[in-house]
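Protein chains in written order, with numbering that gives the first Met the number 0: chain A, 0 to 341; chain B, 0 to 341; chain Z, 0 to 341; chain L, 0 to 341.
Since the hints were derived computationally from the structure, they do not count as laboratory data.
Beta carbons are placed, not taken as given, at the ideal position from N, Cα and C, and that holds for glycine.
Do not take every clue at face value.
Distance ranges between label pairs, derived from CB positions [said to hold, decoys possible]:
1. L:E37 to Z:K304: 19 to 25 Å
2. A:E124 to Z:R218: 27 to 33 Å
3. Z:K304 to L:E21: 22 to 28 Å
4. A:A302 to L:A73: 50 to 56 Å
Which stretches of chain A does chain L cover? Using the computed rule of at least three CB atoms under 8 Å from a CB of chain L, they are [claimed, not checked]:
5. 71 to 77
6. 218 to 229
Protein chains: 4
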Amino acid sequence: MIYFACDYAEGAHEAILQKFLETNRESTLGYGEDRFCESAKEKIRQACGDPTADVFLLTGGTQTNALVISAKLASWEGVISAETGHINCHESGAIEYTGHKVFALPQKDGKLNPRDVDRLVSAWENDGTKEHMVKPGMVYISHPTEYGTLYTKAELTALSEVCHAHGIPLFLDGARLGYGLMSYASDMDLTDIAGLCDAFYIGGTKVGALCGEAVVFPRHGAPSHFFTTIKQHGALLAKGRLVGIQFDTLFTDNLYWNIARHAIDMAEKMKEMVVRLGYRLALDSPTNQQFVILENEKMAELAEKVAFSVWEPYDETHTVVRFCTSWATTEEDLAALEKAIG
Amino acid sequence: MIYFACDYAEGAHEAILQKFLETNRESTLGYGEDRFCESAKEKIRQACGDPTADVFLLTGGTQTNALVISAKLASWEGVISAETGHINCHESGAIEYTGHKVFALPQKDGKLNPRDVDRLVSAWENDGTKEHMVKPGMVYISHPTEYGTLYTKAELTALSEVCHAHGIPLFLDGARLGYGLMSYASDMDLTDIAGLCDAFYIGGTKVGALCGEAVVFPRHGAPSHFFTTIKQHGALLAKGRLVGIQFDTLFTDNLYWNIARHAIDMAEKMKEMVVRLGYRLALDSPTNQQFVILENEKMAELAEKVAFSVWEPYDETHTVVRFCTSWATTEEDLAALEKAIG
Amino acid sequence: MIYFACDYAEGAHEAILQKFLETNRESTLGYGEDRFCESAKEKIRQACGDPTADVFLLTGGTQTNALVISAKLASWEGVISAETGHINCHESGAIEYTGHKVFALPQKDGKLNPRDVDRLVSAWENDGTKEHMVKPGMVYISHPTEYGTLYTKAELTALSEVCHAHGIPLFLDGARLGYGLMSYASDMDLTDIAGLCDAFYIGGTKVGALCGEAVVFPRHGAPSHFFTTIKQHGALLAKGRLVGIQFDTLFTDNLYWNIARHAIDMAEKMKEMVVRLGYRLALDSPTNQQFVILENEKMAELAEKVAFSVWEPYDETHTVVRFCTSWATTEEDLAALEKAIG
Amino acid sequence: MIYFACDYAEGAHEAILQKFLETNRESTLGYGEDRFCESAKEKIRQACGDPTADVFLLTGGTQTNALVISAKLASWEGVISAETGHINCHESGAIEYTGHKVFALPQKDGKLNPRDVDRLVSAWENDGTKEHMVKPGMVYISHPTEYGTLYTKAELTALSEVCHAHGIPLFLDGARLGYGLMSYASDMDLTDIAGLCDAFYIGGTKVGALCGEAVVFPRHGAPSHFFTTIKQHGALLAKGRLVGIQFDTLFTDNLYWNIARHAIDMAEKMKEMVVRLGYRLALDSPTNQQFVILENEKMAELAEKVAFSVWEPYDETHTVVRFCTSWATTEEDLAALEKAIG
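Whenever a hint applies, use it, and build me the whole structure from the sequences.
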């Protein structure tokens with residue numbers, strides 16, 4: 000089976016496993032107070048161009064979203080998300096479990112529009128009964144989005160400005176941030192993200208790690224007692240080194256960016272190939288997720304050889320499917336896909 | 000520095016790292032639906048002697064306690080724990096965060112007494128105002144306890160009987176279960192635990208894994224929709240294989256039990272050694288945590304060469320300190336300790 | 000000032016105050032275990048035509064919604080509501096505070112469409128990733144709706160059938176139930192409501208009481224330990240008689256229905272009057288809330304003499320305003336309104 | 000039946016009912032924005048001697064405790080209470096339901112000792128693992144206590160100083176505050192309470208009201224957006240006047256204090272009477288709850304004529320029972336009790 004179903008199907012980049020082996024018998028303090036975590040955090044601060052950034056290493060995306068959102072919101076506040084946002088659809092109600100409402104706004108290609116955000120927050124501000132309503136207290140976006148699309152720097156700046164005009168923080172879910180920033184289409188780097196957002200995370204699980212997300216709160220923006228909150232949510236690893244070693248390795252010699260760029264190269268080749276073979280794309284994604292329209296019979300046939308994700312119906316006789324590349328995708332995988340799909 | 004401060008100071012048993020390397024490029028489904036998780040669960044069911052057991056693989060202890068307790072309790076129920084229990088002291092209020100009260104009962108050597116449990120539950124049952132009170136709805140114990148002590152089979156049976164007489168489940172925190180069951184003093188094995196408890200977990204993080212706890216609900220006892228609850232708590236790993244591979248390896252060829260036994264052998268040698276050198280033990284622990292009484296000046300001196308945990312004051316001039324062995328402790332470590340402490 | 004702004008602007012029907020006086024020095028048990036509560040509940044069971052109904056007396060609407068919804072849902076479930084539903088807009092996130100998601104569906108005149116409900120629940124049932132999603136676990140409607148409109152018996156039956164086909168309960172918010180069932184347009188009575196819904200409440204606060212909502216769970220449908228849950232939510236009155244006496248009085252000699260009918264009579268006269276005077280209605284409401292389109296200058300002028308609610312802009316130069324009648328509205332009020340608006 | 004079982008057995012002081020009647024048809028804004036609430040709050044501010052006090056009117060005690068505690072605590076904090084405190088025993092886990100731990104400390108006659116508080120908070124402050132623990136973030140006391148006892152001004156000052164030395168607020172549950180401050184033994188008045196506490200409430204339900212507690216946050220100390228939080232907890236009354244009128248009446252012409260003093264007079268007479276008749280008191284309560292030791296046979300006999308509360312066993316053959324007086328107790332009640340018990 001040729002595997003393009005998702006970007007978390009394999010283990011970790013071998014440099015990480017190698018580092019596990021090398022450091023395995025070194026005794027360290029627990030709970031993230033080890034030299035690997037310290038080093039990883041320092042490298043991330045440097046990559047963000049913000050020596051004042053607070054960095055925390057967590058395990059997974061839903062955990063990170065719930066922790067950051069609940070810790071940054073007051074109890075009477077909710078979070079704004081695209082209706083297709085991961086927190087609104089695919090996290091089993093993890094945000095609501097922490098007691099907060101998700102305001103779902105319309106989206107285009109998975110992206111929020113600053114005008115919609117402004118309208119929602121202004122409506123609350125001007126509502127005579129606002130004290131009976133949840134206050135919109137944060138904006139959540141993902142970059143890349145669930146559709147593989149990217150905010151331009153201008154778009155992210157506009158969102159950031161709307162948020163700050165209303166005094167609310169902007170939080171960016173970067174589960175696939177590497178694939179976003181290394182896209183040929185990206186006009187931003189990590190320092191832009193750190194400059195425009197009030198909280199964001201650098202996804203490890205989907206970009207070469209076994210697990211791990213690095214949360215960044217630029218400009219000393221971490222919620223008070225966040226360490227205790229992490230523990231309270233059951234998200235604190237006794238062996239913090241598990242994530243520390245991974246991010247320390249990923250942020251050494253640009254490994255994180257190099258393997259992300261590799262996935263983008265593979266995705267672009269795949270896109271070129273499927274278009275060349277006459278397939279249509281459902282939307283123009285510049286990242287590692289590609290959405291291809293397949294005739295249903297073809298899809299069924301292909302499914303015997305290739306693992307992909309069935310995304311949504313396109314019309315009566317066609318379906319949109321998703322092919323993901325990742326740090327682990329090889330030229331051989333692409334060749335095999337071409338042979339299967341051609 | 001010679002390290003005896005805790006049992007989560009090193010990485011993982013090398014067989015696990017080896018398995019990571021071997022399987023690294025194998026593409027699998029995410030979220031624990033991979034062959035490693037399936038295999039691990041099947042081996043655990045067999046080790047429990049209960050083919051009907053529901054098994055889930057989680058990441059850490061506090062996470063597991065909060066998930067199991069909140070999922071098994073009704074909203075109007077609370078959990079009984081020794082006042083020294085981990086959930087009552089060192090989990091940042093993770094249980095209360097899920098909305099449930101912890102009833103703290105007196106303990107002896109970290110253990111709950113069935114009579115105290117019976118008294119508390121009976122008092123609720125017979126209270127004319129009980130509908131205004133939290134119902135005691137579960138008993139939580141740890142085995143070994145925070146003091147390294149063990150319940151005998153007779154004691155665990157008595158607790159189990161009290162629980163079941165009152166219709167409430169018994170949950171055993173087995174963060175150090177391997178060290179407990181491989182103690183020279185243990186009169187139980189895993190099938191006894193599975194037979195007497197309604198939920199328990201087999202600790203990986205402290206017994207050779209990088210992370211991971213295997214929760215077992217014997218006799219198809221898992222809470223409804225527990226998978227969704229795991230996701231809702233932010234505890235679902237995208238790469239479930241991370242824990243699957245570890246438990247699959249640990250439960251192959253008795254690795255889990257062998258490395259736990261090694262830690263016990265080391266602990267017993269250490270105990271024999273400190274006693275031989277004239278030190279007193281604060282209590283008689285049969286597992287991998289040993290509590291030694293040190294004269295304060297000696298303690299300060301020793302702290303320059305050996306990492307240990309300061310437990311509690313003993314008297315004006317003495318302190319109880321904890322030395323932990325683990326799967327990673329070597330004969331060389333012991334020799335170095337003897338040289339330092341002698 | 001002539002008051003048509005809402006239906007909770009005055010005290011209580013005088014028969015209730017009279018009953019307070021008569022019974023004031025009678026000593027009773029607390030927490031709702033008094034003869035007034037018992038009598039009220041029995042009368043409500045009879046009015047529902049369901050001797051097996053479980054009845055609880057609470058204080059207010061948001062409290063009741065949060066209690067019923069959180070007690071009937073499992074932790075992994077959410078509640079479906081019209082996007083204009085009170086729980087989705089005007090309860091400060093009280094539902095999410097209990098940990099549950101509100102699924103907002105499109106509405107027409109404030110009403111949910113059974114097909115939309117079916118589509119949402121079926122989509123969840125058929126989603127391959129449904130274990131990562133909140134399960135739709137209940138349908139919430141209000142009757143009358145926030146727009147004063149009513150479900151027909153056929154519509155409520157269809158909703159009830161969709162719910163039950165999917166095995167989920169139907170909950171009806173009856174904060175204004177009296178005004179709904181006594182509408183000239185109503186083709187249902189209380190026994191229909193009890194027959195089709197799994198939980199509902201009979202609103203007192205807006206229909207003649209100082210406070211109080213009577214929750215009914217037909218067919219012994221109360222959640223387990225609901226009394227304790229009420230206390231846990233801070234919703235248990237020490238002097239339960241406060242609500243007991245009120246509902247006992249309201250359900251004696253049809254007082255509840257008679258005063259509701261009076262409000263409807265007043266509303267119909269008002270509607271006839273404003274139409275006669277040349278005003279347009281924003282929608283055709285058959286209950287005590289009437290939505291009138293006013294030219295903005297007229298509105299400003301009127302606001303000096305009449306209290307009403309500004310509902311929403313109609314166009315550049317007009318606004319929809321709400322006039323409410325209630326049990327307390329008099330013919331004199333109507334005459335004064337006509338004089339002011341004419 | 001002669002009723003001494005509790006202090007919430009009758010309706011309301013007649014002056015309140017009279018005021019309901021007088022104002023019944025007056026139309027007001029809802030949600031507490033009416034002139035009665037404003038007047039009540041202003042009178043309470045004056046009685047507290049603090050024109051900067053924030054005052055909120057709520058319905059019941061458990062509701063008030065849960066609201067104040069959860070709104071004043073950060074998510075990682077818990078509240079300290081006597082182990083016999085109402086929040087720890089008889090509120091169905093309402094505090095834990097909001098996500099917070101109750102730290103239970105030993106008590107003497109229902110009272111907390113400042114040294115115990117200091118010890119607990121200092122232990123947390125000095126614990127090397129404190130970031131893994133719940134921070135003690137507030138002290139909760141009741142005055143009078145559950146045993147009818149009172150803090151002296153010196154004792155309350157000492158508690159207040161300990162709290163403020165550690166930077167945590169002191170919250171006083173005054174469900175029976177009137178009976179406390181009008182006790183012959185009291186050396187404090189309301190301005191002392193307001194000066195020493197950071198939050199407290201003046202109980203109405205047990206002191207002449209049908210329902211209602213007035214929460215006071217001296218020195219503008221209300222939690223941010225507390226109105227929205229009240230709504231979110233389901234504790235906001237549409238007809239806020241219900242509580243507003245009651246407190247406005249109670250704080251007119253010293254009614255609250257006069258009726259509380261009456262209950263104290265009755266309690267002192269009762270105490271003198273039972274002692275004269277040869278009964279022993281279980282403890283020396285200076286307020287409206289009196290704890291009398293009855294021989295068990297006598298108790299059973301008495302129970303046929305007098306309603307009282309069985310408190311706890313005294314010895315094999317005796318039981319402690321509680322007799323409560325209240326604003327509603329009459330000389331005739333006392334005479335009847337004497338006849339029954341004599």
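Taking a Cβ-Cβ distance under 8 Å as contact, does the segment 71 to 77 of chain A have three or more residues in contact with chain L? With 3 residues closer than 8 Å to chain L, the segment 71 to 77 of chain A meets the three-residue bar; holds.
Taking the Cβ atom of E37 (chain L) and the Cβ atom of K304 (chain Z), is their distance within the range 19 to 25 Å? holds (23 Å)
The hint says 50 to 56 Å between A302 (chain A) and A73 (chain L); measuring C-beta to C-beta, is that right? holds (51 Å)
Three-residue Cβ test at 8 Å for the coverage of the segment 218 to 229 of chain A by chain L: holds (count 5)
Verdict for E124 (chain A), R218 (chain Z) (Cβ pair) under range 27 to 33 Å: Taking Cβ atoms as reference, E124 (chain A) and R218 (chain Z) lie about 46 Å apart, which means the hint is violated.
Is the gap between the beta carbons of K304 (chain Z) and E21 (chain L) within 22 to 28 Å? holds (25 Å)
Checked against the numbered hints given earlier, this structure breaks only hint 2.
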